[in-house]
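For the record, the sequence lines run as chains B and Z. Note that the numbering used here has the first sequence beginning at 43, numbered continuously upward. Note that the numbering used here has the second sequence beginning at 43, numbered continuously upward.
Read the hints as simulated data drawn from the structure, not as lab findings. It is possible that part of the hints are untrue.
Copies of the same chain look alike in the list, so a pair counts if it works inside one copy or between any two.
To be verified - Straight-line C-alpha distance at most 27 Å; calculated DSSO-like pairs for lysine-lysine:
1. K220 to K190
2. K340 to K57
3. K212 to K436
4. K628 to K190
Bear in mind the structure is a predicted one, so any value in this text is a computation, not a measurement.
There are 2 protein chains.
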Amino acid sequence: MVWGIENSRELYGLKGVLNSQLFDINEKGQLVIRIKNKEIPVAELLEKHDLPGANIRVLPWIGLMIDYIAGLFIEYIKNYGYRGSFKPVYPLKVNHNDMVLTSIKRYGEKYGWGWEAGTLPEIQKALSYRTRGLFVVDGVKDLKGLEKVVMNKEAFGEAIIDIESIKEAKLLDKIREKLGEKIRVGLRIRPMFRGESIWSSSSGLTSKFGLPLSSIYKILDEQPWIRDRIVMLHFHYGSQIVTKKALEKMFTEMINTYAVLKSELLPGLKYIDTGGGLAFDYESSCSGSAYSPDYTFKEYVETMINIFKEKSKEYGIEEPDIVFESGRAIVAPHRISVAKVVDIRPYISDLTTDVELVDKIRSAKTIKELSDIARESENIINRLLSYTDNIDLKRREILEGLIETLYREITRKAKDLYLENKEALSQLEENIRMGRPLYKFLVSPSKRFVLSFSIFSILPDYVILNQYFQPVPCTKLDKKPDVLAAISDITCDSMGEISEYISSLPKGFTEIFTEKDNRLLGIPGKRVILRGIPLHLPSGDEEYYVAFLHTGAYQDPLSMSHNMINNYPEIIIDEDDKGDIIISYKDSSRDDYPL
Amino acid sequence: MVWGIENSRELYGLKGVLNSQLFDINEKGQLVIRIKNKEIPVAELLEKHDLPGANIRVLPWIGLMIDYIAGLFIEYIKNYGYRGSFKPVYPLKVNHNDMVLTSIKRYGEKYGWGWEAGTLPEIQKALSYRTRGLFVVDGVKDLKGLEKVVMNKEAFGEAIIDIESIKEAKLLDKIREKLGEKIRVGLRIRPMFRGESIWSSSSGLTSKFGLPLSSIYKILDEQPWIRDRIVMLHFHYGSQIVTKKALEKMFTEMINTYAVLKSELLPGLKYIDTGGGLAFDYESSCSGSAYSPDYTFKEYVETMINIFKEKSKEYGIEEPDIVFESGRAIVAPHRISVAKVVDIRPYISDLTTDVELVDKIRSAKTIKELSDIARESENIINRLLSYTDNIDLKRREILEGLIETLYREITRKAKDLYLENKEALSQLEENIRMGRPLYKFLVSPSKRFVLSFSIFSILPDYVILNQYFQPVPCTKLDKKPDVLAAISDITCDSMGEISEYISSLPKGFTEIFTEKDNRLLGIPGKRVILRGIPLHLPSGDEEYYVAFLHTGAYQDPLSMSHNMINNYPEIIIDEDDKGDIIISYKDSSRDDYPL
Numbered sequence: 043m044v045w046g047i048e049n050s051r052e053l054y055g056l057k058g059v060l061n062s063q064l065f066d067i068n069e070k071g072q073l074v075i076r077i078k079n080k081e082i083p084v085a086e087l088l089e090k091h092d093l094p095g096a097n098i099r100v101l102p103w104i105g106l107m108i109d110y111i112a113g114l115f116i117e118y119i120k121n122y123g124y125r126g127s128f129k130p131v132y133p134l135k136v137n138h139n140d141m142v143l144t145s146i147k148r149y150g151e152k153y154g155w156g157w158e159a160g161t162l163p164e165i166q167k168a169l170s171y172r173t174r175g176l177f178v179v180d181g182v183k184d185l186k187g188l189e190k191v192v193m194n195k196e197a198f199g200e201a202i203i204d205i206e207s208i209k210e211a212k213l214l215d216k217i218r219e220k221l222g223e224k225i226r227v228g229l230r231i232r233p234m235f236r237g238e239s240i241w242s243s244s245s246g247l248t249s250k251f252g253l254p255l256s257s258i259y260k261i262l263d264e265q266p267w268i269r270d271r272i273v274m275l276h277f278h279y280g281s282q283i284v285t286k287k288a289l290e291k292m293f294t295e296m297i298n299t300y301a302v303l304k305s306e307l308l309p310g311l312k313y314i315d316t317g318g319g320l321a322f323d324y325e326s327s328c329s330g331s332a333y334s335p336d337y338t339f340k341e342y343v344e345t346m347i348n349i350f351k352e353k354s355k356e357y358g359i360e361e362p363d364i365v366f367e368s369g370r371a372i373v374a375p376h377r378i379s380v381a382k383v384v385d386i387r388p389y390i391s392d393l394t395t396d397v398e399l400v401d402k403i404r405s406a407k408t409i410k411e412l413s414d415i416a417r418e419s420e421n422i423i424n425r426l427l428s429y430t431d432n433i434d435l436k437r438r439e440i441l442e443g444l445i446e447t448l449y450r451e452i453t454r455k456a457k458d459l460y461l462e463n464k465e466a467l468s469q470l471e472e473n474i475r476m477g478r479p480l481y482k483f484l485v486s487p488s489k490r491f492v493l494s495f496s497i498f499s500i501l502p503d504y505v506i507l508n509q510y511f512q513p514v515p516c517t518k519l520d521k522k523p524d525v526l527a528a529i530s531d532i533t534c535d536s537m538g539e540i541s542e543y544i545s546s547l548p549k550g551f552t553e554i555f556t557e558k559d560n561r562l563l564g565i566p567g568k569r570v571i572l573r574g575i576p577l578h579l580p581s582g583d584e585e586y587y588v589a590f591l592h593t594g595a596y597q598d599p600l601s602m603s604h605n606m607i608n609n610y611p612e613i614i615i616d617e618d619d620k621g622d623i624i625i626s627y628k629d630s631s632r633d634d635y636p637l
Numbered sequence: 043m044v045w046g047i048e049n050s051r052e053l054y055g056l057k058g059v060l061n062s063q064l065f066d067i068n069e070k071g072q073l074v075i076r077i078k079n080k081e082i083p084v085a086e087l088l089e090k091h092d093l094p095g096a097n098i099r100v101l102p103w104i105g106l107m108i109d110y111i112a113g114l115f116i117e118y119i120k121n122y123g124y125r126g127s128f129k130p131v132y133p134l135k136v137n138h139n140d141m142v143l144t145s146i147k148r149y150g151e152k153y154g155w156g157w158e159a160g161t162l163p164e165i166q167k168a169l170s171y172r173t174r175g176l177f178v179v180d181g182v183k184d185l186k187g188l189e190k191v192v193m194n195k196e197a198f199g200e201a202i203i204d205i206e207s208i209k210e211a212k213l214l215d216k217i218r219e220k221l222g223e224k225i226r227v228g229l230r231i232r233p234m235f236r237g238e239s240i241w242s243s244s245s246g247l248t249s250k251f252g253l254p255l256s257s258i259y260k261i262l263d264e265q266p267w268i269r270d271r272i273v274m275l276h277f278h279y280g281s282q283i284v285t286k287k288a289l290e291k292m293f294t295e296m297i298n299t300y301a302v303l304k305s306e307l308l309p310g311l312k313y314i315d316t317g318g319g320l321a322f323d324y325e326s327s328c329s330g331s332a333y334s335p336d337y338t339f340k341e342y343v344e345t346m347i348n349i350f351k352e353k354s355k356e357y358g359i360e361e362p363d364i365v366f367e368s369g370r371a372i373v374a375p376h377r378i379s380v381a382k383v384v385d386i387r388p389y390i391s392d393l394t395t396d397v398e399l400v401d402k403i404r405s406a407k408t409i410k411e412l413s414d415i416a417r418e419s420e421n422i423i424n425r426l427l428s429y430t431d432n433i434d435l436k437r438r439e440i441l442e443g444l445i446e447t448l449y450r451e452i453t454r455k456a457k458d459l460y461l462e463n464k465e466a467l468s469q470l471e472e473n474i475r476m477g478r479p480l481y482k483f484l485v486s487p488s489k490r491f492v493l494s495f496s497i498f499s500i501l502p503d504y505v506i507l508n509q510y511f512q513p514v515p516c517t518k519l520d521k522k523p524d525v526l527a528a529i530s531d532i533t534c535d536s537m538g539e540i541s542e543y544i545s546s547l548p549k550g551f552t553e554i555f556t557e558k559d560n561r562l563l564g565i566p567g568k569r570v571i572l573r574g575i576p577l578h579l580p581s582g583d584e585e586y587y588v589a590f591l592h593t594g595a596y597q598d599p600l601s602m603s604h605n606m607i608n609n610y611p612e613i614i615i616d617e618d619d620k621g622d623i624i625i626s627y628k629d630s631s632r633d634d635y636p637l
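All chains should be built: construct the whole structure from the sequences, respecting the hints.
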């Protein structure tokens, strides 16, 4: 059995619909960026400037995502005979980096892409990027923010100011004369269905956002003039709605509420702002878990338009225009974060202790037998670890060596049993499914790789939400991974560590153990959470970089400066007017990082 | 029964040993900062410049904490006849703001305070603040960082470079000739005892930090010259160790390990770096929970020195010098974050629905009876909420009103029963202890207060770790709180919401219900978690600010720029050479916030 780059494609999630368009592995085993029929090896980009790491921004990929998603809407609206139109806006909160905004304007202009701004600095920023599109203003407003909008009517095609409280309706009344023809009003309404995502507290009757009916009644009562101005209902169910079933409930509640309010209270309604929620598949596995929706972009569009059309007919109303404001899917792929390995340390120890159990492990005949020994070993380790008082060197030495030895022997035996008899697979799978101690041994890391980056700065949502970002080695992808490793960053914080890897090996995959530490790479046909990242041991002075994919949404604005580590070098891949690729570097911060 | 400012002191945690020195409530019911026999009303500081909010920095409080903690060490070392000395360093990662560092240098100089730096930018920053104290260099090192240290020997009294891997020992070998007399070596060792804090993964055999024995042996083997250079063992068990029991285990392991290594392997050892761990009482209640240690600063010092002395005697070694590197306790109090209420919204709704259950609630005779009705009400609400399809306005109206009505009636009845008969208290307490549905009704918010700030920017550890920061209204403290309220920030993120309040009312406290929404303020003698913050409803155009105490540690460096909201106005309270108080403003960012 030999490992090939096809195995790496499968292990590192590069076979998905989107990832296979963006990335590949070349015959040297390097991770490459695919753009305009070119293949750019990621490691070479960094080696060229001897960088400790970098955020690589592939700006044309913003165009690719825009074309893809707008294309789906336009095609489906046309084919399905939907009579509402598609009005996309980009919410600045997802990433307000100027390169990102410039790219959205450049690639989105032909679809009339507009902006969504939720705070005063966002309003100002959005107004500096003129567009013919829609400008949705939401968030907590005050008079100076509203006046900025009315004073800058030339900067947008049409603006809709969302009202979210009785006070905001009063504020709007103060500038009512200045609204003119271009500025209308939206109601952000509190959804009742809770979106079932990790952000589901964005919806439901106690949500931070949106108006309850009682407030809508009061607003219409106190400010009757506003009724004729209201053209939009705005819903938001929280980011990353990952199941198709939840999408159906959410679109159904939207159109029901819209239809009822339009018929009974607000005849001027024309738009539904569908808010965020379109989930991005960070795992590239369509698993329906928090970071991997069980539906495709296409299914999202189809589900929305089918439900809107069907229900509009039922209620006998015109089909609403669709304000689409998902930003995550548009910008997540454009940034790849890459960091260099600057130290490799033992995860526990390098010592060995002679222990009788080793003979027992070595003579195990089946995974079942080994599983029982693993349970026994775990008990022994836990018992030993619970005494930390009065420790002498010898005792500590024995303990370190004992744990290390048991991990080493048990994992080696498991691999041997599997190689001897592939039937062992179902036994392994059972151990994992049942969370038995053997599972813990098999998926644990044996090394700690120190990467020259700050997780707080580069992947803040990992710290905040344990968000998954796919790690991929930048080289050696023609070789089987040697070990499972915990990844440490350079901050002095125990939270600056990543040791979760989501493995979704396809059926028929046979090379399920690492080369050197005999840990498990996954179970074919199953989604398995490993406690270390499959990585290679670089030889000698070889440079080894690890990439994290799809870090372009939220990770720029949420970046933290823990340990004074913040600005990371940037490599910008763009295209010129002729469509030729240009690569530029912003790497003045490189000396802040160990090399 | 009347509410007095003494009740507010108790409710808002201002009676604790530390808080009662720093804060008070004046006769106008204003929260005041106590400094140099002066009382500065917090709200007036903000009103003067019409600010949406601010971080108030009271720099002399850094001096107060330094004097207090150094005083404890010096006194106890003297009284107890401990023969090691006290060597404090401040870890830059806790807060590297220049005002903070300047204050530490100013107030810490007389105790020989030094620095601890864990990254290259921190090394550079520390070297720019010259000191006669110790300079501990840890974290992930490379040659350029080490060279910076050896080139700047005039900037510190003595430096200790911590080795954390075999590779780092090799790096050190390259500059060994340049180390001279002032630069020694420390070993950061992996503690076996896990610190039992939320950061306990900082310790234990699989910790991100520190050397296993196997690596120590290898280092001494490969770099024998290093043995004579090693003077310090460095331990870190994670931030916020909250129990005295854990402290005892941790100090015992430190001195045991030190003694054994000194006797058997490293005779040059002189210092123990005790790392972080000294917990700060954010709750001001000594509760032993994650943000409130069950010991005092004094007990921390006593426990350490007693154990170090006793064990040194046992092992027959000299008592080690103590490198003290807790930063949290030194800087947490100096920053108070204050934000203005810019909108007040219903938490659920303002509607009312007629429902038979109301009669039943009104005629309940005991808390027990009411508790059963609350369970019934909860079931009804959950059943109704589970249908979100095909909703018409009427149905939504009924639902909103029904929930609101049940909350209103049940809480009112509970208050009435308590006022009629104080025996009801034990019944209430039982409902809370058992987590019965009545508890949920009684501690739920009825309002949503929108504050002009970003929780992501001002209280990032709330977002990351749900860390508790004591909220206190800045005015109206002579009045009973009107309501329990959820606090929303101005970001467009559902995580930008605080609705947890930890109440620790003293025994004998009788005013346990809010004035207007009849929610519970706590149970005398118990620690109760409320689901809303006790706040007042400001009347008319009255300005109302809420302060969050002790935000001076970590919240500056971890600040995030969600929704482009970052720089907050600052009010700096300092003293001049004569000891007079000076107040200055840095508020150019004020226009970014709604007013």
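Tested hints:
1. Taking the shortest alpha-carbon separations for K220 and K190, only the intra-copy value of 11 Å comes in at or below 27 Å, while the best inter-copy value is 60 Å.
2. For the homomeric pair K340 and K57, the shortest alpha-carbon distance inside one copy (18 Å) is at most 27 Å, but the shortest distance between copies (60 Å) is not.
3. Taking the shortest Cα distances, K212 and K436 sit within 27 Å of each other only across copies (26 Å), while inside one copy they are farther apart (75 Å).
4. Taking the shortest Cα distances, K628 and K190 sit within 27 Å of each other only across copies (24 Å), while inside one copy they are farther apart (33 Å).
Figure legend: structure checked against the earlier numbered hints; every hint is met.
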